[in-house]
Amino acid sequence: MKKILLSILAIGSLAFADSDFEGVIESISDADKTIKVNGQIVKVLPNTVIEEDSCYLAWDVSRKFSELKVGDIVEMDVFPSNNMLTASKIEIQCVKNRAY
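Taking mature numbering (1 follows the signal peptide of the UniProt record, and there is no 0), I'd label the letters of the sequence shown as residues -17 to -1, 1 to 83.
What the hints contain is simulated information worked out from the structure, not anything from laboratory work.
Incorrect hints may appear among the rest.
In silico EDC-like pairs for lysine to aspartate or glutamate, Cα to Cα no more than 20 Å straight-line [claimed, not checked]: (1) Lys47 x Asp60; (2) Lys16 x Asp60; (3) Lys16 x Glu5; (4) Lys52 x Asp15; (5) Lys52 x Asp13; (6) Lys19 x Glu58; (7) Lys47 x Asp36; (8) Lys72 x Glu5; (9) Lys26 x Glu9; (10) Lys26 x Asp55; (11) Lys72 x Glu34; (12) Lys72 x Glu58; (13) Lys72 x Asp55; (14) Lys19 x Glu34; (15) Lys19 x Glu35; (16) Lys26 x Asp13; (17) Lys26 x Glu5; (18) Lys47 x Glu58; (19) Lys26 x Glu50; (20) Lys47 x Glu9; (21) Lys47 x Glu35; (22) Lys52 x Glu5; (23) Lys52 x Asp36; (24) Lys72 x Glu50; (25) Lys19 x Asp60; (26) Lys16 x Glu50; (27) Lys47 x Glu5; (28) Lys72 x Asp13; (29) Lys16 x Glu74; (30) Lys26 x Glu58; (31) Lys19 x Asp3; (32) Lys52 x Glu35; (33) Lys72 x Asp60; (34) Lys19 x Glu50; (35) Lys72 x Asp36; (36) Lys19 x Asp55.
Simulated restraints, written as ranges between beta carbons of each label pair [to be verified]: (37) Trp42 x Asn66: 15 to 25 Å; (38) Gly22 x Phe48: 14 to 24 Å; (39) Tyr39 x Asn66: 33 to 43 Å.
We put the beta carbon where it would ideally sit given N, CA and C, even for glycine.
Please take these sequences and the hints and turn them into a complete structure.
What follows is the structure, given as structure tokens:
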């Protein structure tokens, strides 16, 4: 019985764990506080951590939702909530030498 209960708890906790999601921001809705990445709408909460990779420095730089831009390459920790993905962390990737 103890093994079964532990298995159920472990499986249930996977549903709430953050997963990595990365891609390019295609659109931003300031009204809904959402971004569209790889065709997927992602909700950004007031407590979502947003950082920008510092490009050669030892630390990241804190950013705000208003500083996100279409075309930014982002890596996010997301979790499902209310039938959509919600970001707990967004990291804007540093891209210095883009081909275009």
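Evaluation of the provided hints:
1. Lys47 x Asp60: Status holds; Cα separation ~16 Å.
2. Lys16 x Asp60: At roughly 16 Å apart (the allowed maximum being 20 Å), Asp60 and Lys16 satisfy the hint.
3. Lys16 x Glu5: At roughly 18 Å apart (the allowed maximum being 20 Å), Glu5 and Lys16 satisfy the hint.
4. Lys52 x Asp15: Status holds; Cα separation ~15 Å.
5. Lys52 x Asp13: Within the cut-off at roughly 11 Å; holds.
6. Lys19 x Glu58: holds, 13 Å
7. Lys47 x Asp36: Between Lys47 and Asp36 the Cα gap is close to 14 Å, so the pair holds against 20 Å.
8. Lys72 x Glu5: Holds - the C-alpha atoms of Glu5 and Lys72 are around 11 Å apart, at most 20 Å.
9. Lys26 x Glu9: Cα-Cα ~14 Å, so holds.
10. Lys26 x Asp55: Measuring from Cα to Cα gives roughly 16 Å; hence the hint holds.
11. Lys72 x Glu34: holds, 8 Å
12. Lys72 x Glu58: Judged against 20 Å, a Cα distance of about 8 Å means the pair holds.
13. Lys72 x Asp55: holds, 15 Å
14. Lys19 x Glu34: holds, 18 Å
15. Lys19 x Glu35: holds, 18 Å
16. Lys26 x Asp13: holds, 11 Å
17. Lys26 x Glu5: Within the cut-off at roughly 14 Å; holds.
18. Lys47 x Glu58: With Cα atoms ~15 Å apart, Lys47 and Glu58 stay inside 20 Å; holds.
19. Lys26 x Glu50: holds, 16 Å
20. Lys47 x Glu9: holds, 18 Å
21. Lys47 x Glu35: holds, 10 Å
22. Lys52 x Glu5: holds, 15 Å
23. Lys52 x Asp36: holds, 14 Å
24. Lys72 x Glu50: With Cα atoms ~15 Å apart, Lys72 and Glu50 stay inside 20 Å; holds.
25. Lys19 x Asp60: Between Lys19 and Asp60 the Cα gap is close to 14 Å, so the pair holds against 20 Å.
26. Lys16 x Glu50: Holds, at roughly 12 Å.
27. Lys47 x Glu5: With Cα atoms ~18 Å apart, Lys47 and Glu5 stay inside 20 Å; holds.
28. Lys72 x Asp13: Roughly 18 Å separates the two Cα atoms, so the pair holds.
29. Lys16 x Glu74: Within the cut-off at roughly 16 Å; holds.
30. Lys26 x Glu58: holds, 14 Å
31. Lys19 x Asp3: holds, 15 Å
32. Lys52 x Glu35: holds, 12 Å
33. Lys72 x Asp60: Within the cut-off at roughly 5 Å; holds.
34. Lys19 x Glu50: holds, 15 Å
35. Lys72 x Asp36: holds, 13 Å
36. Lys19 x Asp55: At roughly 11 Å apart (the allowed maximum being 20 Å), Asp55 and Lys19 satisfy the hint.
37. Trp42 x Asn66: 15 to 25 Å: violated, 36 Å
38. Gly22 x Phe48: 14 to 24 Å: holds, 20 Å
39. Tyr39 x Asn66: 33 to 43 Å: holds, 40 Å
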